[in-house]
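Trainee: Sequences listed follow chains W and L, in order. The opening residue of the first sequence carries number 1 in the working numbering; numbering runs sequentially from there. The opening residue of the second sequence carries number 502 in the working numbering; numbering runs sequentially from there.
Take every hint as true, because none was put in to throw you off.
The calculated label-pair distances, taken between Cβ atoms and stated as ranges, are:
{"#": "1", "chain 1": "L", "residue 1": "Ile544", "chain 2": "W", "residue 2": "Gly202", "range": "55 to 63 Å"}
{"#": "2", "chain 1": "L", "residue 1": "Gly661", "chain 2": "W", "residue 2": "Arg103", "range": "47 to 55 Å"}
{"#": "3", "chain 1": "W", "residue 1": "Phe433", "chain 2": "L", "residue 2": "Asn869", "range": "51 to 59 Å"}
{"#": "4", "chain 1": "L", "residue 1": "Asn869", "chain 2": "W", "residue 2": "Leu8", "range": "40 to 48 Å"}
Read the hints as simulated data drawn from the structure, not as lab findings. All C-beta atoms, glycine included, are put in the ideal place defined by N, C-alpha and C.
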Amino acid sequence: MESITPLLAILCPAIAAPLILLSKRHPNIREGWTLAASIAMFSLILSMAPKILEGELIELILFQSIFENIYVGFKVDAFGLIFAITASSLWILVSLYSVGYMRALKEHAQTRYYFFFCLAIFGAVGVALSANLLTMFILYEILTVSTYPLVIHDQTPEALSAGHKYLAYLLTSGVFFLFGVMAVYYLTGTTDFTPGGISALGLASQLIVVVVFFSFLLGFMKSAWMPFHSWLPSAMVAPTPVSSLLHAVAVVKAGVFGIVRIVCYIYGVDLMHELGLWLVLACIAGFTMIVASFFAIAQDNLKRRLAYSTISQLSYIILGAAMVTESGIKGAMLHIPFHGYMKITLFLCAGAIMVATGKKNVSEMAGLGKIMPVTMLAFSIAAIGMSGIPPVCGFISKLYLCFGAWALDPTPYAMIFLSVILISSLLDIIYFFPIIYTAFFEEPDGGIGGGGDVKINEAPLFMLIPLSITAIFSIIFFFYPNAFYILDLVKMAAVDIFGGI
Amino acid sequence: MPLPIEQFPVLVVVISLFSAFTILLAGLVNRRSCFFILMAAVITQFILSLFIFHHVLSVGTIHYWMGGWRPPWGIEYVVDALNAFVLVVILSLSLLAVIYSKRNVEHEIEEKKIPSFYVLFQLLITGLCGITMTGDLFNLYVLLEVASLSAYALIAAAGGRSLKASYNYLIMGSLAAVFYMLGIGFLYSVTGTLNMGDMRILLPPLYDNKAVQLAFVFCVVGMSIKAYVFPLHMWQPDAYTYAPSTISALIASTMSKVMMYALIRLIYSVFTLNFIMTYIGLDMFICWVAAIGILAGSIFAIKQQNLKRMLAYSSVSQMGYILLGVGLSPISPWGLVGAVAHILNHAIMKGCLFFSAGCFIHQEGARNIRDLDGLGERMPYASAAFTIAAVSMIGIPPTAGFASKLFLIFASLEASQYPFVAVLLLSGLLNIVYFWRVIDRIYFVKHDTQTFGQEGSAKGSGLPLSMLAPMLLLASLCIIAGIFWLSEIPLPLLNEILSNLGTEVTL
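Chain W with its partners taken away, still in its complex shape:
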């Protein structure tokens, strides 16, 4: 079905961006644009869901490109919509949070901040809705470049060097992605995302197909698989809302989204098995899951610990895709929104702690549970969810992943990857629970003073409300995974890929 809704949706941030620049002298109006755009975009994206669930595809050809059989445009399918819903719904909350955060810290260059935030969301949602690799590449690069000014927001030498690392990794990866795009077009004459894979790719020389696959993997370095992950912890110098939305959801998920697209919509299940690529990808993912968790344990800086946790969790999604079993794919797709909601809660809490108390390290957080009860409660909920413990939504996606691993054909593989998932979840517990323990049960040095009469010192409401909402949603998704149609969309996408069973 032809419809301009996807264009309207991604135009929301694109139109808001210049308006933000124009109203730089009026902070309230400027933030108003961001909020209005985020709400408009979310409603537009959500409005496409019922149509998609009826089994239709929403297509929009912007223009035919100079290359035969490639057009620049959008094709909304169930999987793309899951990512788009995740990113756009969280954008609303993070916009609110940004207002509180940036004003509380009296940050400089706020106009620039909101401007590039809009562009980044434009890129991320554009990636979600793209119809083919070329369109996706264009928006993917826009996403990379527009996040640079956000990463180096502080403009300190440390921030700049982190920014350079960020660019060096991600633009280099863009180069590999571009090679992949052109190679796929050269080999098959098309770059459209086709559920079940582009069949012509199976006819090409195996060596080239394997090389192209690895160049795609390098191209999606945004998914921070090890050993190409070190840009992500460095990028944590950015303001917390950036870390939370972009470096826990939009940017990194664009990377894993791309990998899932490549696995399921370009290469396809059969080719992945035939060339043994699934095993390579699954091993990379398994390695990252375990090793990143160990790294996380060693971090004292809260945001860095969360960053390593993100690296580990992203590889759950990669693993789910790599296993190319139906439950595995479902688990991967569910983990995109679920991990998004939980991880953003954790980051928003970290930001709130920093604004309210100025503390950045885990070791300083003793007694924080009494000073910031709401924040720490939200933090605990999300941390429990990350570890895969009910009643938080992380349990559901991890359960699906476990089923997916169990369904792997040669049993040894099933056992290996099942245990990888379980061990990694155990490690999640190991690095999250000390934080909760420290916050609630440890006394700060020299005691709290005043004999338990602790003064509550929460972050501003602008920050507290978004983080409470994401925490509550993390629980809602457990009891009602179909909120925002997510479960239906996941089932729909699985039917697309596996042809319905």
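Starting from the known structure of chain W, fit chain L onto it as the hints suggest.
Mentor: Just chain L now, kept in the frame of chain W:
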């Protein structure tokens, strides 16, 4: 009455030539009138070129016989899709450079020199237009000298160190002209004609003739010096660095393109692809020279501290892109598409970069990269234009540089020449290194004296509108051209160019 569009090619040159002399005379009476005569002439030329372009695409190639003398005796002007396209590119860029020059020249050139400056400016444009349209090898040489001599003098107009740069260029440029002259001398001695179309017919039986082979080498080397193909670029960085800003922009964006065009014309329309194909490996040799140039230019650019010099080396690298496209074109039509696209794209990008570098010098006197700290707040428009063009040079979609890169990568894939894919991709990364350094300086590096938290305090830039407008127009064109090349709109033009140049494939 239908417009006599067949006459327009010669009008473009003649108007330009007469305007040059008019400026000279008018300058004796009233110095301020010079600019307006130049402006009027270039606008007229530009409009004529648009008519020519439209005519060529809708009706077909224009052949104009100078004085009614039939070729091969008379001089013939031939305008097909390729040179109509190049003509529009150089005249639009020249027009913008003229507008930009108004205030910039007042700032950089002594007042009493201004009339002669504009005379030379106009002569340069005359030469470039002539080279683009002529179908006669000797006429091409004459116009080449017209353009080059004006360029030597224009570069020297800045005074100071530009004199030495200009002198270097003079020596190298004359050498190039001699090479080219020798080449056509040999060709004339064996074929007895100077007309390109005629020669194309007479040459095939003579492909084995040593004189023809030598002529090919001489002509190509001569043109390569003029188009500063690495490693024959030695004159160019100094010339670009010390020339007046307007001239740097004009030469970088138009003159080098015209030389590349002449090279393409020589290879395709005089010697033809068959000649290239008879010497196995010749096309790959061109490709490798180009590839080394692409990387070497970028690596030299990384070392530079002077902004204009960095841009100059970047141009050396970018000429490699065009040459690589030419080298790949016998195997893949996308190579030629990349070369043609990059002629326009590089003109836009480099024009914009040199314009903004000129603005930095004009307002702040900032010539070195380290002087650019915090310029993003003091000169928001020039900085933004620079940034957009730099991003385009890097090849971030959807900018113009991305389209060129895409075509060339695809051409290399089609030709199964994977090393060139790697070179193109690596070159993009090297571009990031040297351009991002500048962008960081402009916007992000904290300056000691700079105060933050004063948003909106950047006052409206002190640059005159006549400098801002061309620069911002080019900056927006960086993006528009990127989308233009990605869309299917240029397909008819490209197919026309391909069929005119004798490649049998269409897109």
